[in-house]
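Participant: Going down the list, the protein sequences come from chains A and B.
Following our numbering, the numbering of the first sequence begins with 1 at its first residue and continues without gaps.
Following our numbering, the numbering of the second sequence begins with 1 at its first residue and continues without gaps.
Bear in mind the hints are in silico, worked out from the structure with no lab data behind them.
Treat the hints with care, since some could be wrong.
[Claimed, not checked] Dumping the calculated EDC-like pairs for lysine to aspartate or glutamate here, alpha-carbon to alpha-carbon at most 20 Å:
no., chain 1, residue 1, chain 2, residue 2
1, B, K221, A, D30
2, B, K175, B, D101
3, B, K142, A, E47
Because the structure is a prediction, the values reported are computed rather than measured.
So you can see what is in the structure, the chains are spelled out below.
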Amino acid sequence: MNEDWMLYEVFIRARSGLEHKHVGSLHAADARMALEHARDTYTRRQEGVSIWVVRSSEILASDPAEADALFEPARDKVYRHPTFYAIPEEVKNL
Amino acid sequence: MSPAAEPARAPASVEDRFEYVLRLGDTSLIAAQRLGALLGHGPALEEDLALGNIALDLLGQARLLLALAGRIEGRGRDEDALAFLRDAGQFRNMALAEQPDGDFAETIVRQCLLDAWRLETYESLAGSQDRELADIAEKALKECRYHWRFSAGWLVRLGDGTAESHARTCAALEKLWRFTDELLSADALDARMAVCGIGPAPALIRERWETRVSAALAEAKLERPAHRHYPWHGKRGVHTEHLGHLLAEMQFLPRAYPGVSW
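Full structure from sequences and hints, please.
Facilitator: Structure, rendered in structure tokens:
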């Protein structure tokens, strides 16, 4: 792999109306090539109707060392899940 | 001119139609075989997949076209018989398609020059009087647009890249340019097919190809090579020495084991 090639993250929208989902990453020399590589690598079996590519280095990720501080406080707040409501019988498919 | 005054179009002969469709089918088939041989050797995993995808597109086009040629001929030869049981002298592909993969610049230049020709040809063939051929062209056109996007993108990247990539791309252009004349110069068969409304007007293809390729060369900061006399006529069965070697590999299995299947 040429060291000039950068890592890109690939997001695919499976169908119109759905959100783009992260599907993986790939190497490319520029954004246009990344889009073509994404098309060739991740949509060969009709997986998508739209592609986003983002330079991996542009993504700011949370620090795993801070996971406790970031995510632990939510653990004992089950009341944030809407599970305490009684659902009326008439409401289907919720 | 009123339709009544128009001279009646003589229907194309079976031989002409067969030969003409073979030219298209064989050019796709040989290009697919060349690209297929690169699998596992691409400069990066992603490029390997891209070249393999394009090879499969071309193989699909070849299959439809050769099957059509077999039906036109009417002697019971299907696409497999045409692909695997003919010798080099019976192949009608453009000589450019059989040129070796060489380095990556050579592969890209060959694909680029061919992709531009295929794209413009199919664009015209989509309106062909031959309905079956028009349908194949229309289906192939979407693939061809992507092929051109891919190869022209690389042409620019290599031509306007490093000193090394620029030099290699120039060398590839110099080497392969002489094969472009065959794509664009109509022979008697091309002219007859245009007259009966099956094939495109040759002057139109040349003009559109020139425009498309010139723009890509300019963007890639590459000089257009000088015109070269063209001594090969792959589309009339006069090939370079490379085709025989390619066929020896491609046809080995069905010839060594007649009737073999998965």
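Participant: Next step is simple, just say for each hint if it's right about the structure.
Facilitator: Cross-check of the supplied hints:
Taking the CA atoms of K221(B) and D30(A), the gap is about 18 Å. The hint holds against a cut of 20 Å. For the suggested pair K175(B) and D101(B), the alpha carbons sit about 12 Å apart, so the restraint of at most 20 Å is met. This hinted pair checks out: K142(B) and E47(A) have alpha carbons roughly 18 Å apart, not beyond 20 Å.
When held up to the earlier numbered hints, the structure conflicts with none and fits them all.
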